[in-house]
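Trainee: Based on the sequences and whatever the hints tell you, model everything.
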Amino acid sequence: MTLTYDLVVIGGGIAGSALAATMAKAGREVLVLEASTVFQDRVRGEWISPWGVAETKRLDLYDLLVGAGGHHLTRHATYDETVDPEAVEELPLSIFVSGIPGPLCIGHPHHCQTLFDAAKAAGADMRRGIEVTGMTFGAAPQVDFVQDGKAHTAKARLIVGADGRASGVREAAEIALHQDKPHHMFAGLLVDQTPDWETDLQSIGTEGDFAFLTFPQGGDRARVYGSFSLEQRRRFAGPDGARDFLSAFRMKSAPKNEAIAVGRPAGPLLAYFNNDSWTERPYAPGVVLIGDAAGWNDPIVGLGLSISYRDVRIVSEALNGGGDWNADIFGAYGDERFERMRRLRWSPADRCNRSRFGMRCMGN
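Residue numbers are given in the numbering used here: position 86 of the sequence shown equals residue 698, and the series is strictly consecutive.
Among these hints, one or two may not hold up.
Said to hold, decoys possible - Computed Cβ-Cβ distance ranges for the label pairs, DEER-style:
#, residue 1, residue 2, range
1, 675, 702, 25 to 33 angstroms
2, 805, 687, 17 to 25 angstroms
3, 830, 750, 45 to 53 angstroms
4, 780, 864, 42 to 50 angstroms
5, 948, 708, 15 to 23 angstroms
6, 663, 882, 22 to 30 angstroms
7, 693, 780, 40 to 48 angstroms
8, 791, 698, 39 to 47 angstroms
9, 696, 892, 40 to 48 angstroms
10, 698, 874, 19 to 27 angstroms
11, 780, 943, 23 to 31 angstroms
12, 663, 810, 18 to 26 angstroms
13, 778, 669, 28 to 36 angstroms
14, 940, 850, 50 to 58 angstroms
Unchecked claim - In silico lysine-lysine, DSSO-like type, Cα no more than 27 angstroms apart, as pairs:
#, residue 1, residue 2
15, 637, 669
16, 767, 732
17, 669, 732
Just so you know, the hints here were simulated from the structure itself, not pulled from any lab data. The structure presented is a predicted model; accordingly, all values stated were derived computationally and were not measured. Ideal Cβ positions, reconstructed from N, Cα and C, are used throughout, including at glycine.
Mentor: Shown next as structure tokens:
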């Protein structure tokens with residue numbers, strides 16, 4: 613069976629579904645091919661920075677996310693073993709972008725599903741459980757795929773790769789991915805039963821050889837992260853890993869962390885090597901990459917979702933700007949993204965992550 617669309621988006625996560633919703637609302641025929649049948653907790657992608665929140669507003673997706681339970685954080689505290697916890701000052705998070713009260717948190721699987729459903733409601737053809745078996749780019753893009761045991765071919769004006777870090781679209785299009793060496797380990801866990809943690813307060817801190825970040829999700833739930841050296845990559849492995857991880861949050865320099873340490877693990881504890889990656893030219897004739905498929909910033913800096921929403925906004929504006937959908941229309945997108953990722957790699961926060969333990973100067 614051969615189908616015809618304006619866009620075929622491979623990957624129905626946050627970037628892919630946000631683009632599909634935006635383009636479908638603009639009257640484009642969009643097909644989204646998502647491999648999973650259920651979005652899983654992959655311990656990433658739940659904090660949208662204030663400038664990223666502004667991008668969701670420009671895409672007319674902000675009210676959707678807030679309506680789905682998006683939770684603003686309005687205060688920030690930084691703890692460090694060299695600072696008396698009583699002397700820690702809280703920073704108001706409304707100071708960064710006018711009209712934005714602070715970062716927006718929403719659980720990753722729910723976030724994905726909310727956008728997926730919104731794209732479907734806007735008229736996009738949203739399909740799950742898909743195996744992509746072939747891709748052709750250039751002047752006549754097409755995707756071959758299998759759904760429920762049946763083979764299909766979808767022809768389109770453009771293929772969009774939104775299929776994450778291990779992007780098959782990027783590989784098939786022979787778009788080079790550049791990476792620096794891993795900086796440190798980064799682990800995360802969803803925690804319930806934290807009623808004593810203030811729901812609008814995010815925190816970051818260091819003590820000894822462990823750094824932490826805490827992002828309340830609303831109610832008595834929080835997403836917490838910990839950073840430690842590459843040499844300790846199996847520090848929280850084994851059946852007691854989640855409880856050991858939460859115990860590491862007990863710090864003299866951050867006594868409020870006791871509210872996290874006594875919480876109940878509510879999802880998987882996963883740890884990753886953290887590093888930066890980028891593409892010099894995230895497009896080629898007949899194809900463009902967005903989100904992590906186009907390269908990612910070190911997750912400890914926390915800008916992955918914001919980068920994805922800006923990708924969606926710039927690419928959708930290019931596509932809706934009129935004219936042919938040739939590779940030339942993505943020149944400005946490629947230039948802006950390359951410079952954006954370069955600056956993030958050399959930001960003060962990221963330089964700190966290159967220290968011995970990957971976190972020593974996070975509290976300064």
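Trainee: Could you check the structure against the hints above and give me the numbers of any it violates, in ascending order?
Mentor: When the structure is compared with the hints, none of them turns out to be violated.
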